[in-house]
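Enquirer: Sequence:
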Amino acid sequence: MWKKSMLKRKLLTYALISSLSFPMASTLVIADVAKLRLAVETTSGDPLNVMLTSFRDALQASAEERVELEFFEGGALGSESDLIQLLRAEQVQVLPIGSDIVELDSNFALFDMPFIFADKQTARDALDGELGDLLADSLRDKSGLEVLAFGELGFRVISNNRRPINTPEDLSGLKLRTPGSATRILAFEMLGAAPTPMSLGEVYIALRQGVLDGQENPLSVLEEFSLYEVQDYVSLTNHVYTPITLAMSANSYASLSPEMQERVISAAQEGANKTRQLSDTSDAELVEVFNNAGVAVNQPDLASFQAASVPIRDAISERLNEAFWEQAQNILELR
Numbered sequence: 001m002w003k004k005s006m007l008k009r010k011l012l013t014y015a016l017i018s019s020l021s022f023p024m025a026s027t028l029v030i031a032d033v034a035k036l037r038l039a040v041e042t043t044s045g046d047p048l049n050v051m052l053t054s055f056r057d058a059l060q061a062s063a064e065e066r067v068e069l070e071f072f073e074g075g076a077l078g079s080e081s082d083l084i085q086l087l088r089a090e091q092v093q094v095l096p097i098g099s100d101i102v103e104l105d106s107n108f109a110l111f112d113m114p115f116i117f118a119d120k121q122t123a124r125d126a127l128d129g130e131l132g133d134l135l136a137d138s139l140r141d142k143s144g145l146e147v148l149a150f151g152e153l154g155f156r157v158i159s160n161n162r163r164p165i166n167t168p169e170d171l172s173g174l175k176l177r178t179p180g181s182a183t184r185i186l187a188f189e190m191l192g193a194a195p196t197p198m199s200l201g202e203v204y205i206a207l208r209q210g211v212l213d214g215q216e217n218p219l220s221v222l223e224e225f226s227l228y229e230v231q232d233y234v235s236l237t238n239h240v241y242t243p244i245t246l247a248m249s250a251n252s253y254a255s256l257s258p259e260m261q262e263r264v265i266s267a268a269q270e271g272a273n274k275t276r277q278l279s280d281t282s283d284a285e286l287v288e289v290f291n292n293a294g295v296a297v298n299q300p301d302l303a304s305f306q307a308a309s310v311p312i313r314d315a316i317s318e319r320l321n322e323a324f325w326e327q328a329q330n331i332l333e334l335r
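Reminder that position 93 of the sequence shown reads as 93 in the working numbering, one-by-one numbering, no gaps.
Where hints are given, some of them may not hold.
[Stated by the list, open to error] Between beta-carbon pairs, the in silico distance windows are:
id, residue 1, residue 2, range
1, D137, V287, 50 to 56 Å
2, D125, Q85, 19 to 25 Å
3, E202, E322, 32 to 38 Å
4, A303, D137, 31 to 37 Å
5, I205, D137, 37 to 43 Å
[What the hints assert, rightly or not] Cut-off 30 Å, straight-line C-alpha distance, at most; resulting in silico cross-link-like pairs (DSSO-like, lysine-lysine):
id, residue 1, residue 2
6, K175, K35
7, K120, K274
8, K35, K120
9, K142, K120
Just so you know, these hints were derived from the structure itself, not from any lab. From the three backbone atoms N, C-alpha and C, an ideal C-beta is built for every residue, glycine too.
Let the sequences and hints guide you as you build the complete structure.
Expert: Rendered as structure tokens:
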């Protein structure tokens with residue numbers, strides 16, 4: 001039944017996309033009015049949605065009648081992978097992207113490397129500084145996209161229905177949903193799990209029906225998609241940090257006036273700040289929510305995970321541009 005429902009949803013999505021008349025970037029600015037389409041896979045409350053909604057509201061308040069914004073949420077135009085293709089085709093102009101950013105630029109596989117950030121503030125400082133500039137240059141060169149700001153999904157944890165995860169050995173044989181990132185899949189294969197890429201919207205039913213044993217995501221995603229309702233254990237591995245990349249077609253960005261570009265960047269940073277505030281307040285609260293719901297939350301032996309992650313980091317580094325990796329190591333002091 002759920003497969004028929006998903007098929008129906010996809011058919012409706014394609015029908016909606018076909019019914020829209022998408023202008024090219026050259027027609028985005030008409031009579032000094034910037035017309036932008038914004039899209040996000042998730043619904044209200046999710047960090048990706050929070051970032052785009054905050055961006056929309058801030059830009060509308062700042063630019064007023066000089067901007068016209070269309071807003072599509074809740075997967076109205078498809079999954080994150082679908083939206084990425086629309087962004088590349090300039091049929092959507094602004095999109096917040098999580099782990100799937102690696103589809104556009106393999107250098108973003110840096111964020112599939114376990115334990116390269118000691119804490120959130122270290123990651124934020126890096127993204128607001130030299131590392132963010134390095135990543136923005138790379139994405140622009142590889143995909144023709146402009147980074148407006150880096151928000152925060154946060155550190156990822158592992159949930160499952162088999163057992164608490166205390167050491168890497170506890171992952172053996174677990175069917176875990178992962179994003180489609182080849183390097184995230186590689187990491188969990190090296191840890192002995194059976195990673196299974198799947199659209200986030202399908203994960204709840206897959207967990208409930210036993211198609212999956214578990215998944216890995218920030219705590220906020222477990223809450224937003226109600227995944228904790230069908231999971232017995234949550235292990236605070238904090239194995240990788242996932243930013244939100246708010247991206248815009250470089251052509252669309254270039255079509256804006258310098259003043260509007262400044263307003264767009266300012267609004268994007270406001271969206272980024274909102275996601276970081278949400279991350280800070282929600283993590284501690286959500287542990288309590290999950291405990292109260294009967295989910296067993298545990299603190300794993302992080303030293304054992306860090307030791308097991310050394311060969312994973314080496315394997316992923318081979319997939320990065322050599323010059324990029326050299327600069328990233330210097331910035332993050334990873335040597």
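Enquirer: Please go over all the hints and tell whether each is borne out by the structure.
Expert: Here is what the structure says about each hint:
{"no.": "1", "hint": "D137 x V287: 50 to 56 Å", "verdict": "violated, 37 Å"}
{"no.": "2", "hint": "D125 x Q85: 19 to 25 Å", "verdict": "violated, 33 Å"}
{"no.": "3", "hint": "E202 x E322: 32 to 38 Å", "verdict": "holds, 37 Å"}
{"no.": "4", "hint": "A303 x D137: 31 to 37 Å", "verdict": "holds, 35 Å"}
{"no.": "5", "hint": "I205 x D137: 37 to 43 Å", "verdict": "holds, 40 Å"}
{"no.": "6", "hint": "K175 x K35", "verdict": "violated, 44 Å"}
{"no.": "7", "hint": "K120 x K274", "verdict": "holds, 14 Å"}
{"no.": "8", "hint": "K35 x K120", "verdict": "violated, 35 Å"}
{"no.": "9", "hint": "K142 x K120", "verdict": "holds, 27 Å"}
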